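Engineer: The primary structure of each chain is shown beneath.
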Amino acid sequence: MRPHLQYTDNGKLRHFLSIEGLQKETLQQILTTADKFTQFGQRDIKKLPLLRGHTVVNLFFENSSRTRTTFEIAAKRLSADVINLNPGTSSTSKGETLLDTVNILEAMHTDLFVIRHAKSGVAELIARHVPDHVHIINAGDGQHAHPTQAMLDMFTIRQYKGPFNELRVAIVGDILHSRVARSQIHALNTLGVHEIRVVAPNSLLPSQVERLGVHAYNDLKQGLEGVDVVMMLRLQKERMHNAYIPSEQEYFNLYGLTTESLAAAAEDAIIMHPGPINRGLEISSVVADGPRSVILPQVTNGIAVRMAVMAMVLGGEGNG
Amino acid sequence: MRPHLQYTDNGKLRHFLSIEGLQKETLQQILTTADKFTQFGQRDIKKLPLLRGHTVVNLFFENSSRTRTTFEIAAKRLSADVINLNPGTSSTSKGETLLDTVNILEAMHTDLFVIRHAKSGVAELIARHVPDHVHIINAGDGQHAHPTQAMLDMFTIRQYKGPFNELRVAIVGDILHSRVARSQIHALNTLGVHEIRVVAPNSLLPSQVERLGVHAYNDLKQGLEGVDVVMMLRLQKERMHNAYIPSEQEYFNLYGLTTESLAAAAEDAIIMHPGPINRGLEISSVVADGPRSVILPQVTNGIAVRMAVMAMVLGGEGNG
Amino acid sequence: MRPHLQYTDNGKLRHFLSIEGLQKETLQQILTTADKFTQFGQRDIKKLPLLRGHTVVNLFFENSSRTRTTFEIAAKRLSADVINLNPGTSSTSKGETLLDTVNILEAMHTDLFVIRHAKSGVAELIARHVPDHVHIINAGDGQHAHPTQAMLDMFTIRQYKGPFNELRVAIVGDILHSRVARSQIHALNTLGVHEIRVVAPNSLLPSQVERLGVHAYNDLKQGLEGVDVVMMLRLQKERMHNAYIPSEQEYFNLYGLTTESLAAAAEDAIIMHPGPINRGLEISSVVADGPRSVILPQVTNGIAVRMAVMAMVLGGEGNG
Chain A
0 MRPHLQYTDN
10 GKLRHFLSIE
20 GLQKETLQQI
30 LTTADKFTQF
40 GQRDIKKLPL
50 LRGHTVVNLF
60 FENSSRTRTT
70 FEIAAKRLSA
80 DVINLNPGTS
90 STSKGETLLD
100 TVNILEAMHT
110 DLFVIRHAKS
120 GVAELIARHV
130 PDHVHIINAG
140 DGQHAHPTQA
150 MLDMFTIRQY
160 KGPFNELRVA
170 IVGDILHSRV
180 ARSQIHALNT
190 LGVHEIRVVA
200 PNSLLPSQVE
210 RLGVHAYNDL
220 KQGLEGVDVV
230 MMLRLQKERM
240 HNAYIPSEQE
250 YFNLYGLTTE
260 SLAAAAEDAI
270 IMHPGPINRG
280 LEISSVVADG
290 PRSVILPQVT
300 NGIAVRMAVM
310 AMVLGGEGNG
Chain B
0 MRPHLQYTDN
10 GKLRHFLSIE
20 GLQKETLQQI
30 LTTADKFTQF
40 GQRDIKKLPL
50 LRGHTVVNLF
60 FENSSRTRTT
70 FEIAAKRLSA
80 DVINLNPGTS
90 STSKGETLLD
100 TVNILEAMHT
110 DLFVIRHAKS
120 GVAELIARHV
130 PDHVHIINAG
140 DGQHAHPTQA
150 MLDMFTIRQY
160 KGPFNELRVA
170 IVGDILHSRV
180 ARSQIHALNT
190 LGVHEIRVVA
200 PNSLLPSQVE
210 RLGVHAYNDL
220 KQGLEGVDVV
230 MMLRLQKERM
240 HNAYIPSEQE
250 YFNLYGLTTE
260 SLAAAAEDAI
270 IMHPGPINRG
280 LEISSVVADG
290 PRSVILPQVT
300 NGIAVRMAVM
310 AMVLGGEGNG
Chain C
0 MRPHLQYTDN
10 GKLRHFLSIE
20 GLQKETLQQI
30 LTTADKFTQF
40 GQRDIKKLPL
50 LRGHTVVNLF
60 FENSSRTRTT
70 FEIAAKRLSA
80 DVINLNPGTS
90 STSKGETLLD
100 TVNILEAMHT
110 DLFVIRHAKS
120 GVAELIARHV
130 PDHVHIINAG
140 DGQHAHPTQA
150 MLDMFTIRQY
160 KGPFNELRVA
170 IVGDILHSRV
180 ARSQIHALNT
190 LGVHEIRVVA
200 PNSLLPSQVE
210 RLGVHAYNDL
220 KQGLEGVDVV
230 MMLRLQKERM
240 HNAYIPSEQE
250 YFNLYGLTTE
260 SLAAAAEDAI
270 IMHPGPINRG
280 LEISSVVADG
290 PRSVILPQVT
300 NGIAVRMAVM
310 AMVLGGEGNG
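Protein chains in written order, with numbering that gives the first Met the number 0: chain A, 0 to 319; chain B, 0 to 319; chain C, 0 to 319.
Treat the hints as calculated values from the structure; they're not laboratory data.
Any given hint could turn out to be false.
No distinction is drawn between identical chains; accordingly, a pair holds when it is met within one copy or between any pair of copies.
To be verified - Okay, derived cross-link-like pairs now, SDA-like style, lysine to any residue, Cα gap no bigger than 25 angstroms in a straight line:
{"no.": "1", "residue 1": "Lys160", "residue 2": "Ala262"}
{"no.": "2", "residue 1": "Lys46", "residue 2": "Gly314"}
{"no.": "3", "residue 1": "Lys160", "residue 2": "Asn102"}
{"no.": "4", "residue 1": "Lys11", "residue 2": "Ile44"}
{"no.": "5", "residue 1": "Lys236", "residue 2": "Pro205"}
{"no.": "6", "residue 1": "Lys11", "residue 2": "Gly120"}
{"no.": "7", "residue 1": "Lys35", "residue 2": "Gly52"}
{"no.": "8", "residue 1": "Lys35", "residue 2": "Asp131"}
{"no.": "9", "residue 1": "Lys118", "residue 2": "His3"}
{"no.": "10", "residue 1": "Lys118", "residue 2": "Pro275"}
{"no.": "11", "residue 1": "Lys118", "residue 2": "Ser64"}
{"no.": "12", "residue 1": "Lys46", "residue 2": "Pro275"}
{"no.": "13", "residue 1": "Lys46", "residue 2": "Asn102"}
{"no.": "14", "residue 1": "Lys46", "residue 2": "Ala106"}
{"no.": "15", "residue 1": "Lys23", "residue 2": "Pro200"}
{"no.": "16", "residue 1": "Lys35", "residue 2": "Pro245"}
{"no.": "17", "residue 1": "Lys23", "residue 2": "Gly279"}
{"no.": "18", "residue 1": "Lys35", "residue 2": "Ala106"}
{"no.": "19", "residue 1": "Lys35", "residue 2": "Arg127"}
All values derive from a computational prediction rather than experimental measurement.
This is chain A alone, in the form it adopts within the complex:
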């Protein structure tokens, strides 16, 4: 990624494509801005006029009603108009190219595209292409990045565990294919976490993964030893047909988070998961619904963090 694609010439956040390439100050600004919106989410009337008259387009080439809903709620709470598009089912199937679709939408004077696509790099490709008044938020591109997910995770860690520089964090599961893990690792490193571990069978670890600034473990209990934060990843069931893992049961036995395997972590460790959960595959229900799980607070924080990023790229909010 070009170093400054995500910033304007005078250092304002213009696009939000990837944690990689962002300064520590920007991540901290997102967390601080989201703080304000979190308090706001508890009010009775959850409506701010910040983005009134702006049009947010949820452009989900890859379907995800859950992530789309969080962006839709965040945008509406900021009083934006929201257009939901799932171009897979319409114009691109008429043979229109990706950039034609984007050109058309920006010609309608829309202001912000929230883009999800099954191919890595699509959000960046579009960001390179759009004129100054259009902003791009990456809502997940292939196996590359899912930066708003990573930032809601950082927000949740800070909320429950305090300063990053004293924390040990383990990310468990399919690191190899996970855009979530990639963004989490960049965010944890940028914010100066004490130690990041990744835990997975070798078949689900990128080669030379340690270059990302992490320690790799094949054994779950060793990987969880003493950590303050356990970040589980969702296992795509289709991986099993591709021979990355032997069977659901065997995977759960070795890498599933249960009361037993969790015992290795610090006593007050929190459990995170980006959802949706495969109960009994990567996590047991007892742990997912237990007192140390912060899976639902992650969802709540996701609204505030997405409001913060939208407000920062579109308005002056949090820029100063």
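Based on these hints, arrange chains B and C on the given structure of chain A.
Structural biologist: Quick look at chains B and C alone, frame taken from chain A:
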């Protein structure tokens, strides 16, 4: 149903799941509140700020763009933000459980779920589960209940025929499988109608139907004799393949509402139908479009009644 | 079309179904009203309260997320509530008739239906049927008309080329099946353009096309000779299977707009296309993306023109 699941501790309407278990005063309050919104629907600017800053989620596991549209219009006229979800096509197909889906949505600080589901009891299951700030409206669950439909019917009867205690009402069609009929019978009984009749072949009547407080008829003309209100039900065509009725033509001959069969009813009887109509199957076009049909006023009243229920569960409206 | 179906008794625009039957003054009023909204689209806060409290229903029997999006954005910028319906997938599949669907929606006190349908005449059929307070905009019906597309084209021509009465315009492509071409020809004639040419193989020209007030050409270069405006049509690929054209390559060789074929037109001719573009079939990328292409301004103008038509039929805007 637990007697007080639908009320808060101090007697306010919290959820709207089923007419069964509601007090007469609550039904009357819905009718009175809807009165105000009916007048409002005729104004040029149909927008009230009552639910501004609230988020209504239309969670339609069973698809129905018509019912969904009435709730969407009602919520938007009250200035709520509306999120439409059809989870059948997304997260639950990823293996997420029903309650996980609901947990996620309530974690987003949404306030009201309008739920339709093909299985009886789902709205109640969810209502038992959600925290205090979340409210549930049942938009139809299996063969159990469709209480907003019943209340718009009550509103329409009151509008055209006056006090309930002098009225004879016939419900005609597939009583056995109809959530609409079940809710109508509870509402009519609660509001103290003089007499309720159900008219259907035995194959489409619940066993011991008279326990519901109705008189059963197999003969249409006898059932309609002297009634003030004829409430037709929609016949699900798939019933025919299941041998509940012999053939479309034979069903129409015996139970179809025509000018001829209608002659048995009171001269000023009104004709109701929840829609969509099967013309020529349960009702003739002449009757459906005739001067005694109040099918379209039912639709109009449906908006006002749904606004009333939303305002009552979410706000102070109609609660005193 | 009945001459005055589109006007109220005192000459106000009531429906917008077809350019045919509209007075020159009405078309000019649309252009003037859209002028105001174009300037507005460049503002930071793109929200006007003109249609606040009104409900616009996008009733797209034929799917088109692109055209639907332009109407949705236009309506929301005027502060209307918008309901998107694709009835092909719901009630009409339950056996409800077209007019039942419309009756139901108008009973909900909705104000404006934007209708797209694969059959010619549907928008008019519905307009004849609805009560006074309901307004219809035709967003494309079969091979009949697409009047908002034609008006955004007129707006774009006026913007770039000035007075109509001095202009030569060529429409190139599948004239025979095109609702766009039909509406363009009526609009250009009504606004008094100097000359209209249609360019296509005979298999894609209506018989006796000259009766529409155009000159027909089979040869592209002859047809483009000296024209000020080149309006390309989208070629439906399914036409090829129906033997209207021999092959994609052969069609492009004869009728594709390229730098070479465009050389016949006036030096400052503009290039238009309603989208989506089939690159390399009816137009080369070099021309579509070149300096004389106004394809994206057409999209931008489409929002302003649709806002103008909505404001005129629903409000007093532009009337009087």
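Engineer: Would you mind marking each hint as holding or not holding in the structure?
Structural biologist: Hints and how they fare:
1. Lys160 with Ala262: within (18 angstroms within a copy, 69 angstroms between copies)
2. Lys46 with Gly314: both (16 angstroms within a copy, 16 angstroms between copies)
3. Lys160 with Asn102: between (44 angstroms within a copy, 23 angstroms between copies)
4. Lys11 with Ile44: This pair counts as between: shortest inter-copy Cα distance 20 angstroms, intra-copy 30 angstroms.
5. Lys236 with Pro205: within (19 angstroms within a copy, 44 angstroms between copies)
6. Lys11 with Gly120: Within one copy only: 22 angstroms inside, 52 angstroms across.
7. Lys35 with Gly52: Cα proximity of Lys35 and Gly52: in one copy and across copies (22 angstroms, 16 angstroms).
8. Lys35 with Asp131: between (28 angstroms within a copy, 24 angstroms between copies)
9. Lys118 with His3: So Lys118 and His3 pass the 25 angstroms test inside one copy only (22 angstroms; across, 51 angstroms).
10. Lys118 with Pro275: Intra 21 angstroms, inter 23 angstroms, cutoff 25 angstroms: intra and inter.
11. Lys118 with Ser64: both (18 angstroms within a copy, 22 angstroms between copies)
12. Lys46 with Pro275: neither (27 angstroms within a copy, 37 angstroms between copies)
13. Lys46 with Asn102: Intra 31 angstroms, inter 22 angstroms, cutoff 25 angstroms: inter-copy only.
14. Lys46 with Ala106: between (28 angstroms within a copy, 17 angstroms between copies)
15. Lys23 with Pro200: neither (31 angstroms within a copy, 63 angstroms between copies)
16. Lys35 with Pro245: Close neither inside one copy (46 angstroms) nor across copies (64 angstroms); limit 25 angstroms.
17. Lys23 with Gly279: Classified as neither; 37 angstroms inside a copy, 47 angstroms across copies.
18. Lys35 with Ala106: between (33 angstroms within a copy, 17 angstroms between copies)
19. Lys35 with Arg127: neither (31 angstroms within a copy, 32 angstroms between copies)
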